[in-house]
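Let's have the full structure, built from the sequences with the hints guiding it.
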Amino acid sequence: MADYVKMWENLGMDLETHDLLCQVLPTAVGDVFMTQENRPKAMDFWDLVISEVHGIRPAELIEEQKKGRKVFGTFCVYVPDEVVIAANGIVTGLCGGSQFWVPGGEAVLPKNTCPLIKASVGARLGRTCPFFRIADMYVGETTCDGKKKAYEILGKDVPMYVMDVPQMKREKDILKWKEEIAEFAKKVEEFTGNEITVEKLADAIRLVNEKRRALKRVYDARKSENVPISGRDALLMMQISFFDDPARCAQMCNRLADELEQRNRDGVSVVPAGTKRILLTGTPLAVPNWKLHNIIETSGAVVVCEEMCTGTRYFENEVDETGTTLDEQFMALSRRYMKNNCACFTPNEGRIDDILRLAKEYKADGVIDCSLKFCNLYDIEKKAVSEALKQAGIPVLSLETDYEDSDAEQLRTRIEAFVEMLNN
Amino acid sequence: MVRYYILFENYEQGLALHDLLDEAGVRNRIAPAPAAARGKLCCGMSLLVEEAELAAAKACIAAHGAVYYDIVGMENQLQPRRDRYC
Amino acid sequence: MKDGICRRRPWQGRTGDAGRLRRDLEKKMEEKLGVGIDIGSTCAKTVVTDANGEILRRSLRPTGWSSVETAQTIQEELAADGITADNARFVATGYGRISVPFADKCVTEISCHARGAVRLFGSQELNVIDIGGQDTKLIVISGGAVTEFVMNDKCSAGTGRFLEVMANTLAVRPEELCRMAASGSDTRISSLCTVFAESEVINLIGRGTSRENIAFAVVDSIAQKVKTQAGRVRFHSGPVCLTGGLCDFPFVTERLASAFGRPVVTSPAARYAGAYGAALIAAGLKG
Amino acid sequence: MIYLDNAATTMHKPQAVIDAVAAAMSTFGNASRGAHEGALTTSRVIYRTRAKLAAFFGCPKSEQVIFTCNATEALNIALTGLFHAGDHVISTELEHNSVLRPLYRIREEQGVSLDFVPADKKGCVDYADFERLIRPETRAIVCTHASNLTGNRLDIGRIGKIAEAHGLLFVVDASQTAGAARIDMEEMKISVLCFTGHKSMMGPQGTGGLCIRGDVPIRSFKVGGSGVQSFLTVQPPEYPTHLEAGTLNGHGIAGLSAAVDFIQSVGRDTIEKKETALMMRFYRGVSEVPGVTVYGDFSTEDRSPIVSLNMWDLDSAMAADELAQTYGIATRAGAHCAPLMHRALGTEEQGAVRFSFNWFNTEEEVDEAVSAVREIAEWARP
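Residue numbers (numbering that gives the first Met the number 0), protein chains in the order written: chain A, 0 to 423; chain B, 0 to 85; chain C, 0 to 286; chain D, 0 to 381.
A portion of the hints provided could be inaccurate.
[To be verified] Straight-line distance between alpha carbons at most 35 Å, and here's what the computed DSBU-like set of lysine-lysine pairs gives:
1. A:372 <-> C:104
2. C:104 <-> A:40
3. C:226 <-> A:359
4. C:226 <-> A:389
5. C:104 <-> A:359
6. C:226 <-> A:372
7. A:66 <-> A:215
8. A:382 <-> C:104
9. C:226 <-> A:382
10. A:362 <-> A:381
11. C:104 <-> A:389
12. A:362 <-> A:372
13. A:186 <-> A:168
14. A:110 <-> C:226
15. B:57 <-> A:5
16. A:338 <-> A:69
17. A:222 <-> C:104
18. A:359 <-> A:40
19. C:104 <-> A:381
[Unchecked claim] Chain B is faced by these chain A residues, among others (derived, beta-carbon under 10 Å):
20. 20
21. 24
22. 30
23. 33
24. 34
25. 40
26. 46
27. 293
28. 404
29. 405
Think of the hints as simulated: they come from the structure by calculation, not from any bench. The beta carbon of each residue, even a glycine, is placed where N, CA and C say it ideally should be.
What follows is the structure, encoded as C-alpha cells:
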C-alpha cells in the first residue's frame, strides 16, 4: 500500500483521529462487500478505490492542483458539473456518510440536524477527510434549511459559493435556475481564470452525458429478472462516481455494464431465483453509508434500484447537446437539472411518478422509503409516497434511520417482517 | 466467504513474501495462521489474501520463487450480520 | 460457559452436513409437534402445539439478562418433558430470536403475532395491536396474511417499557398500576416522550394527585400514543384485537377501545400470540 | 494498541530500564577483560546484578547466578548438562516446548527416560502423581512454575519438598513467574531456577539466566573466552565462568539490573496483586459471555495473570485477528508451544486465544477487552 501519511499531513489533517477512521473502514468494507459471493469481476476497480478511498483519488486531485486546476466540492445533484468542467475545473462530491464525523458536526449544529449535514460539517471542521481539505471552493445550494444554515458555518472556514435553487418548478423557476447557472459560470471563470466557451461547455455536456449513459447502462442491467449485481455493489459504484474523474467513471461503468449484460444473457445471478426485489427511495446514502443495503440484503431481499440522489436522480435525463450559444446551453442545463425531483420542491409529484415508474421498470416486489433522521422534507413526503404505492398495489415500508449502528436490530426486524410479508 | 491463508515454516519466509506481494501491488495482510490450518511445520503468521487476489499472489510467488508452506482456504467464521458500519 | 466442543470444523463445508440433515428430516417429516419460542425484551413465552395446531402447553418466564441462557433453560425444560428435535420443530421469534441456536427457523414477531392472532381470534380479517416490552406493533391482516404494519421508533412511549418506568415512579408493579388505573379518572399526561412524561408524573405526585388518577393518565397516554401510531396504517373494518403482555388488564383494552372509538377484543391467551404463531409455523414446517 | 500479550514478552518497560540500557551502551567496556574504567564499570554492574538476582530469588551464592540469553537457553544448559544415561526425569503436561524439547532430546541422545505428570481438563495436576512416578533411578523433577497457556501455577514449594525427601534435583522453569511471583530457592528447595528477563521481570530481551543452589554440577555446554585463567585448556570449573563463555550481554544485563530495582521499588507483591486483579476482572467479565470457554483453574487467585479462552468454535487465530484488526488488542492465538497442555484441555485443533496482563495494563484496557470478546462472541455464534 502506498504511504499517504505525508500527503494527509500536508493537507493539514488531524492524523491521529483520521487513523481511527482508517481503522474502522476495513471492517465495514470486509463485512458489507467482501462477504458477498459471486461478485462481478469488474467491481475490482471500486474495491481498490474504497480500500484507499482517502489515498488514491485525493493524490490525483493534488497532482491536478499542481498543474493549476481548481477543485470544486459539491453537496448536491443540482450543481451542474458541466460548468466547472468547461472551465477546466474538477468536481468532487463532499457529502459525509459516516457516524465518525457526526459528533464533530454536533459541536456546532443542533443535534436534531440530519446526520448527512452533521457529518459533512464534522468532516470539514475535524480535518479528517482529505476531500474536504483539497477542495479549493465549496459550492452549496439552497435545497433544505439545514444545508443552507450549515453553509454559513462552513463558509467561515473555506471559500463558499451558494446557488439559489428554486423551490417550485414553474417555467419562471426554470428560467431563474438558468440565470443562477450563468452566474455560477461567471464565478467559476473568475476562480479558475479560464473562460467558458460554447465549445468547451459543449464538450463538458457531452462528457457528463456520457457518464450518465454509462451509469444508466449499469442500472438498466439491474432491471433484468436475473440479478447480476447486488445493491451493495451498485451503491458503492454510485457513491464513488461522485468523486471520480468523469471519463474514467464512464469507462469503468461501461466495463461493469458489459459484464452485467453478459451475466444477464448467461443467467448468472447473485441471489437465488425468487429473492424479493426492493426499490429503495428516499434521502441520499453518502459513502460509507451502507447500513440499509446491508441489512436488506442480509435479510433475504435484494436492492434493485435506488430512487435517490445517490441513484437514479444522478443520471436520469440527459442535457440537450444541440445548444449553439452559452445562453441555450445554460437553458438546456437548467431544464435537465430541474427535472430532478427532490423533496425540497413543492409540489413534488414528479418523485411519486418516478417511484411508481421505477418500481415497474425494475420489477420491484416492494418499496422501502427511508429518510435520514431529522430530514423533515422526506419524512413528510412518506405519507404521500406510501398512499400512492398502496393505491398501485405495491407494498411499502417506511423507515427512518441515521448513521448509528445501534438501531440495526430494530431495522432488521422491520425489514425481515416486510420481506416475510412479501414472501407470503 | 472463503479467504486464503498463505502459511510458512518461519517468519522470515512470511515477511519476505509480504514484501514481494506489496511491491507487486497484490493486496494481502499479515494475520495469525488459523489454528486449524497449522500443521507441524507452520509458524504463527500467515498472509491473508481474498479470493480475487489469489491468482495474482500465486503468480507473484512463482515469479520470485518465493518459499511458502501451503495455501489453505478457510471460511470466515464471523457473521456478516453483525452490523458494524463506519 | 460450556465445554470447548468444536462443532464446526473449518475444513468441512457446512453444506454437506446441512444436506444430510435435510434428508434425515424429510424422512421424519410426518406428525411433529410445533414449538414456538418468543423471546421478548421482558418475557420469554413458549407454546407447544400438536401437528394440528392445538395448544398442548404454554409457559412464560422472564427473559432476564441473557436471552441465550433463557433459550437454553427453555430447551432443557422442553427436553425434560420429552420435547426434542426428534419429535418437534422449533421456531424462534421476538427480539431475542437469534439467541435460540436450536431453532429450525427464525421468524419476525410481526408474522408470528399475525399468525397467532388469526388462529386465536378465528378471523382472517384482523387489525392487531401488540403492545410489547419494547416495541408496539400495529398489524393489518387481510385474507389471513399481513398486508401492512408499523412499529414504534426508538422512543419507548406507548410500550410496556413506558408502563414499567411509570410504575417505578409510582413505586408499584406494572400490574398494580393497570389495576389502579381502573379506579382513576380525568387526568392527562400531555407528553408522549417517556423522559418528559416521567417528570410530568413527578409533578402530579407533587401536586397530590391520587395514584389512581396518575395510573389512569399513564394507561390513557399509552392508548393515545398507540392511536397516533395507528395513523400510519390503514385499519380495515375487521375486529381490532390486542395481543401482548397487557391482555390481562381489561382497563387497558377499555382505554384502547375508547381511543379508537371501536371495540377492542382480547383474550388471556393473546399474551402468547407471538409464541403461538411461531408454534403454528413450526408445526407447518416441511423438511 | 492495547497490549495483552505479556506472557510472550512485556512490551512496556519501565523508563529506568530503557535509560539503563542506553547509558550502558555509551559507557560499557568488556566485563572481566582488563582493569580500565570501562571494563570495570561493566564488571561491577554484572557483579551487582548477580547479587541482586541471587537475593531476589533466594539463591545462596551470587556467583551461581549464570547469565544466558533467555530461559530457553538456561533450560537447555541445565537439562543437557545434568543427566546421564539411565537417569529418569519427571516432568508435567503443563510444560512449554522450552522444557519439552530439551527433555525429548536428552531422551534420544543421552538415554534419559521421562515421565509426565498428567493434567486434567482444568489444567491441574495431582501432586501425589509426582511421588507415584518416582523410581530408584529418578534423578530430578523438572517443571514449570506456571503454565504459559492456562496461567495455572504449580505449588513448587510442595514439589520441592517431595524432591528433597527423595533426594532429587528440582529444576524449575520460571519463565511465566520470575519477577511477579514469590520465588525462594532455599525455602522451595529448588536446585536450578531458569528465568527470563523480558517477561514479568520487565527487562530487555536477550537477558535471563539460571540460578544454581548448592553443589549441582552442570556440564559446560560451550567453551571459550572467560577473561580469566587464560592458560587453562578447558573451561574453568568454577561458576559462573564454567557456563559463561564469551562476552556477556552487558547492555542487557544493565537493563535487567534496573528492572530488578524497579520491581523492588514498586514492590513485587504490589505488582503481583495488580496483575492478579486485572486478570480476575477480565475473567469475571468474559466468563459471563455466552459461548466463551475459559481454560484453567480459577478457583484460586494464586495463578499467573493469563486467561486463555475460546468463543464457540471460532478458530482462535481468527478471533485474535479480529481483536487486533477491529479493536487494536494484541493477544496470542494458537498452540503457544504447549502441545501437551493443549491436548489435556482438548484444544489441539482450535487452539486458544491468550490474554496476559502486566503491571502497565489498566482496568479500562481490561474492560475494553471484555467488551471486544462479548461482541466477537456474539458474531461468532454458530
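Consistency of the hints with the structure:
no.	hint	in the structure
1	A:372 <-> C:104	holds, 32 Å
2	C:104 <-> A:40	holds, 34 Å
3	C:226 <-> A:359	holds, 34 Å
4	C:226 <-> A:389	holds, 21 Å
5	C:104 <-> A:359	holds, 32 Å
6	C:226 <-> A:372	holds, 22 Å
7	A:66 <-> A:215	holds, 32 Å
8	A:382 <-> C:104	holds, 34 Å
9	C:226 <-> A:382	holds, 17 Å
10	A:362 <-> A:381	holds, 21 Å
11	C:104 <-> A:389	holds, 30 Å
12	A:362 <-> A:372	holds, 28 Å
13	A:186 <-> A:168	holds, 25 Å
14	A:110 <-> C:226	holds, 28 Å
15	B:57 <-> A:5	holds, 32 Å
16	A:338 <-> A:69	holds, 28 Å
17	A:222 <-> C:104	holds, 31 Å
18	A:359 <-> A:40	holds, 28 Å
19	C:104 <-> A:381	holds, 33 Å
20	20	holds, 7 Å
21	24	holds, 5 Å
22	30	holds, 5 Å
23	33	holds, 6 Å
24	34	holds, 4 Å
25	40	holds, 8 Å
26	46	holds, 8 Å
27	293	holds, 7 Å
28	404	holds, 5 Å
29	405	holds, 9 Å
Of the numbered hints listed earlier, not one is contradicted by the structure.
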